[in-house]
Amino acid sequence: MISFLWRRLLAGLATLLVSTFVMYILASASMDPFGDLGQSTAANKEALIAQRIQLLDLDTPVVIRYFKWLGNFVQGDLGTAWVSDQPVSSVLHGAILSTIQLVTAATVIAIIFGVAVGIVSALRQYSSFDYLMIFVSFLLYSLPAFWVAVLLKQWGAIGFNDFLADPVISWVAITVVSILAGLLWSLAIGGERRQRALTFVVAFAATFSTFAFLQLTDWWTHPSINPPLLALLGTATAFAVTTLSTGLKNRRALAASLTTVVIGLVLYLPLQVFFKSVAESWLMMFVLALITVAVGVGVGYAWGGPDRGVSARTAAITAVLVAAMLFINQVMRVWPAYYNAPAINGRPVPTIGDRTPNLGGNFWVTTLDQFMHLLLPTLALVLIGFAAYTRYSRSSMLEVMSQDYIRTARSKGLPERTVIMRHGFRNSLIPLATVVPIDIITLLGGAIITERVFARPGMGTLFLFSLTHAEIEPVMAYLVIVAALAIIANIVADLVYAGLDPRIRVNA
Amino acid sequence: MKITRKAATAAVASLSLLALAACSSGDSDTSDDDAGINQSTAVNVAWESGLTSVNTDEFNVGNATQNAIVTYLTNAQFNYYDPDLKLLKDESFGKYEKVSEDPLTIKYTISDDATWSDGTPVTATDSLLEWAATSGNLNTIEGTFDPESGEDQTDYTAGVFFNGVTPGAPFVTKTPEVSDDNKSITYVYDKPFGDWELEFQGPTVPAHVVAMHALGIDDPTEASDALVKAIQDNDVEKLKPIAEFWNHGFNFTKLPDDASLLVSDGPFIISEYVEGQYLTVVRNDKYKGDRTTGPDTFTFRYIDDPMGQVQALQNGEVDIIGPQATADVLSALQALDTVTVENADEGTYEHIDLQFTNGGPFDPNTYGGDAAKALAVRQAFLTALPRQAIIDNLIKPLNPKAEVRNSFTVIPGAPNYDEVVANNGSDAYPLAGDPDKAKSILAAAGVTGPINVRLVFNGDNTRRVNEFALITDAEAAIGITMVDASAPATDWVNKINTAPNDWDASMFGWQSTSTAVTASDPTFRTGGSQNKQGYSNATVDSLYDELSVAIDPDEQTRIITDIEKQLWADAFGTTIFQFPGIHAWSKKLSGPEPVSISPTIMYGFWDWKIEGSGATDEATS
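Chains C and V, in that order, give the protein sequences.
The letter at position 444 of the first sequence is residue 444 when you use our numbering, and the numbering goes up by one with no holes.
The letter at position 116 of the second sequence is residue 116 when you use our numbering, and the numbering goes up by one with no holes.
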């Protein structure tokens, strides 16, 4: 194991070294440090050029400059972004944070949706739903990031803001959307004709009434999750989580989940008073989340029974989801003030940046503002990442479901839920574990375009700016980080695979 | 499967119940407090890249447009350009007058009210530092160049080196005199200098802040006195850290921890700067000058992508933009009915220069020293150039008002442009090109045989590739064969500067950053630093000698016209067009009146008005 790690690490370092050399040569060949001086009519242009040559050490051959750079780099000196005269380490700091913020949310959402759709697609192999999803995922897979991003800005931001100025959807449009939703659900859930018809009607009614509700209660301008809504969503969540986690036959787990929903409802008003009287922070939210998990686990154990661990798990998941709803509600409550803020001026969905200047406001306003700015870039990354995960999880699930142990599980009379969730789903995640780390690195690369279009000050923006302004040191810092992450991701993927799949041994 | 299906149906069904239950509930519990939100309105300005320094006199980092547009708001100056490129005085900051013409002596008096935002008065000490920095006369580092290769071997860190030397300030070699009240400073030029008004326009950074940091003195007055003493005594050991701090101390890309770096003497002061995102300036309450009207807060938002700027304008996130002009940007903007779009000229102009000394078609040596023949080839080449077609095809789509530029030295729109063009002899070269006339010129001179012209340009620039195609067609009509000598974006400057034997004509842009009349000196003078064509004309040289000491504007215009007459008669080259610019702003904003040179869209901010918020109140009723 240790020797395997050492071998991989050393090979990784060698790869890194060679790639930095190649990148340095290529980057320096593509740069024009005199771009801004070419057209200059300054009287002392020659002195300026001479000075620039001195500053960037351009009289030294590029190979020697590489080794000078390498020498500084291994000593921890990342160099200077000369256009702004700032040390690279300080420039990188903010950029990395911004990119991680963007990529984290996008990856998590893309994995959840992609895997869910992929699994359902596999279970309904060769059904209309499957074909539809294959079509959609290939369509999304082939979309260029810059195009999606610009379209999202046009429709998702400018269009939606125009809509919010007068949020009325025509009843015809609502009906059409509801019919589409009904069709999609009936395809996804499948079954006999009668079952399909029932699903269609139910889904149609659900969608239609949701939109009707949003419209009639003026929800668009005063969004909130009020107690009746919380009760409904909470109950639905409790049922859904229990179904997936233990099956509805486990009455204790269901009761435990529902109990956490009730606790959430009871805390609805006290929490608002609580948040009014304290200075909120993300640290506090994290602590509250931990408390929530603890409460969920406690409730699960309290309901007792032979498999109280399962109840605890189910209740904890439900509790976290209900707490998330309470959090979202708290954020939504500042919406009218946010919407009317002069800095927002009735255009809440932004097209650029990672925050609104001159907004001011408390923790909830800042959080809402961050969410609004993450919305479209995240969506752009999700749309593209989602497609890949759908394909991976579908094929992996199909393979798993054709294994002998699945037939064994079925033939010994396990309920279908248990077969799918415990024997199928879990094993289908193993190949994904190798894809995800590498995919995150790819997303960092994909984020270059997304960041530029949305003018977010992340790693991609830094890379592009430095490349066009002939700053080799930030470019190299970016490349080293990405290359190192790629190498680490590969090693991690190998280890995770070995950890998950007992058939693989790393010291082989 | 059954349970899954039932459960899913149940979940969907419960969602439908949601509507029924929630419809009945009111929305009375949403909060109506303002959650601490800032209720003032700011004007948002889009710009390509973020501020890097507030010391715009410094060359390496400071002297860039992204800095100038901010310091235009935070830094008071003695004079500024209006949209007609007339230099106006801001007498609320200070006055200046020409005390004597021989020797040229200028006295600047800073207004008694002028105060830095930390309460320290703006004094002649600040101007003294400006002199020290821009004249370079205290720099102890002399350029050392390798005699063989011309390689620069100067060690810029060894001694005093203010990196901000301007064209005229070095002529003030005598340390300027400061009045007793420390509000006036008098500069004596060693020789007359025509563009004296563009020198010493006002201190860009507070001397006391520089001195406090560089000399480690905490008291501002004491620090200023030490700085004055160091400059007057030429104390190298003290000047070294001062120059070092002046060069680097004011460089930042996010709000510095040290608030003294933001000290300003203009109507605004930087209040917030988030790296790569935005920079906000608010009113400076210590400012006592005239520019107290207009919006109270400006925010510069940094958007690199031109279409991103357009969409941000459409979405109301920014109020005014000046993106790089492309046909896409223009058509996207014209489709918006909520914005005002203005096409304008930019400071950079496209031109073609001909190579005189490389043994090519424009060099007399090619014709056995027959200068008349070489001249005829140059004239014919320039006469055939389809300048109007280039404008019509490539520039008009971006700026419908675009016209052929006909002056080598004066920006179109400058007060004396029309006068110069009317008399400079440029009318010898018809705008549309005249192949017949060109042929007759060639025939009259008896030029025979094939003529190949290698044109160097930036081959990665689509517009220039298209220009080249138009030129190739037009020149083919008179028997001149154009050869593509273009180089990649990273290399063309180098090719023009270092390989004159590889090209006969060059096409690129020259950038004007001011109306300085002497700026063209190095381009046209024999052996000038930007004269890469080997052009040499004794009359032009002596006219430039005359121009550099001419102070009267009418006299300057006369000399410029004479210089241009020579240039056009010698068929030096030609000027084609002013780069097209696009400015657009929301109809909520009134007052912008962009200038073609820095600070472009920010000109006249004191006359701007922005509609307040609340236009969409009905949405939250």
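Simulated from the structure, these hints should not be mistaken for lab results.
A couple of the hints might just be wrong.
[Stated by the list, open to error] In silico BS3-like links for lysine-lysine, alpha-carbon gap of 30 Å or less:
| id | chain 1 | residue 1 | chain 2 | residue 2 |
| --- | --- | --- | --- | --- |
| 1 | V | K437 | V | K86 |
| 2 | V | K95 | V | K107 |
| 3 | C | K45 | V | K183 |
| 4 | C | K45 | V | K240 |
Contradicted hints - numbers only: Of the numbered hints, 1, 3 do not hold.
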